[in-house]
Amino acid sequence: MSAVEALAAALRERILSGEIVPGAPLPEQDLAAAYGVARPTVREAIATLVHEGILRRERNRSAYVPEVTAEDLADLLYARRPLDHAVAAALSGRRVPEADAALDRIAALPAGAPWSEIVREHDLLHDALVAAVGSPRLVRLYAALAAETRLGVAQLQASYPDRDVLVTQHRALLDGIASGDPDAVRQAVDAHIELGWHDLLP
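This note's numbering puts the first residue of the sequence shown at 2, with every later residue one more than the last.
In short, the hints are calculated from the structure, not lab data.
Think of the CB as a built atom: it goes at the ideal place given N, C-alpha and C, for glycine as much as any other residue.
Don't take each hint at face value.
Distance ranges between label pairs, derived from CB positions [claimed, not checked]: (1) ASP124 - ARG58: 38 to 46 Å; (2) ALA39 - THR70: 18 to 26 Å; (3) ALA108 - ALA192: 13 to 21 Å; (4) PRO83 - GLY113: 35 to 43 Å; (5) ARG172 - GLY24: 16 to 24 Å; (6) ASP73 - GLN30: 25 to 33 Å; (7) ALA39 - ARG172: 27 to 35 Å; (8) ASP76 - SER180: 27 to 35 Å; (9) SER180 - SER63: 42 to 50 Å; (10) GLY113 - HIS86: 33 to 41 Å; (11) ARG40 - PRO83: 17 to 25 Å; (12) SER180 - PRO137: 25 to 33 Å; (13) MET2 - ASP184: 25 to 33 Å; (14) ALA192 - GLN30: 41 to 49 Å.
Could you put together the complete structure from these sequences and hints?
Here it is, written out as structure tokens:
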């Protein structure tokens with residue numbers, strides 16, 4: 002792993018664990034001093050995270066974590082709901098081993114595991130479902146919402162003091178899709194969206 006990749010990974014974990022809060026500036030000079038690297042390394046690591054959508058950089062301002070407001074989340078879910086229903090309908094009656102494996106890894110995480118690990122496996126679970134549909138265009142549409150979804154999940158940490166609840170919700174989603182019953186599939190998607198994000202919506 003290069004110095005740029007290592008720094009990007011360290012910052013990504015801190016952001017997705019909630020240690021670096023939305024709006025907090027990340028001056029290049031401070032990061033270079035804190036991590037003992039050159040400023041060009043910091044600049045490249047920040048560029049990586051800006052490209053991923055979990056940092057934002059504006060002219061004459063240090064990079065920062067964008068805030069996902071309650072209104073942003075409501076609009077994000079408005080855009081995601083039809084995509085999630087399309088994915089679930091296309092996979093109705095099927096199991097996706099990669100999604101089940103990601104959920105099993107979440108369930109196996111120790112109680113003190115960083116929230117960023119849950120965010121990562123949550124991403125892999127949903128990415129696996131979307132990829133299993135076999136539509137490159139659907140993958141691109143979903144990827145366009147991935148950064149905000151990732152940041153939104155990072156903010157869900159306080160809503161899941163018991164991580165078993167998150168596992169139960171996603172197990173119900175995967176089981177509902179696998180059931181093949183249209184009503185069960187639709188209800189599983191709606192329950193996943195409404196239960197998972199309810200506390201953060203306006």
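When you take the CB atoms of PRO83 and GLY113, is the distance between them in 35 to 43 Å? holds (37 Å)
Range first: 25 to 33 Å. Now tell me if the beta carbons of ASP73 and GLN30 are that far apart. About 30 Å separates the Cβ atoms of ASP73 and GLN30, which means 25 to 33 Å holds.
Outcome of range test on Cβ distance (MET2, ASP184; 25 to 33 Å): The hint (25 to 33 Å, Cβ to Cβ) is violated, given that MET2 and ASP184 are roughly 47 Å apart.
Taking the beta carbons of ALA192 and GLN30, is their distance inside 41 to 49 Å? Since ALA192 and GLN30 have Cβ atoms about 47 Å apart, the given range 41 to 49 Å holds.
ALA108 and ALA192, beta-carbon distance inside 13 to 21 Å? Check passed, 19 Å falls within 13 to 21 Å.
Has the hinted range 17 to 25 Å been met by the Cβ atoms of ARG40 and PRO83? violated (44 Å)
With 38 to 46 Å as the target window, see if ASP124 and ARG58 comply at their CB atoms. violated (22 Å)
Whether the CB-CB distance between ASP76 and SER180 falls inside 27 to 35 Å: holds (30 Å)
If I claimed the Cβ atoms of ALA39 and ARG172 lie 27 to 35 Å apart, would that claim hold in this structure? Given about 46 Å between the Cβ atoms, the range is violated.
Lying within 42 to 50 Å: is that true of the beta-carbon distance SER180 to SER63? About 49 Å separates the Cβ atoms of SER180 and SER63, which means 42 to 50 Å holds.
With respect to the beta-carbon atoms only, verify the hint that GLY113 and HIS86 lie 33 to 41 Å apart. For HIS86 against GLY113, whose Cβ atoms are near 36 Å apart, the range 33 to 41 Å holds.
Could you say whether the range 16 to 24 Å given as a hint is met by the Cβ separation of ARG172 and GLY24? violated (35 Å)
Consistency note: the structure conflicts with the earlier hints numbered 1, 2, 5, 7, 11, 13.
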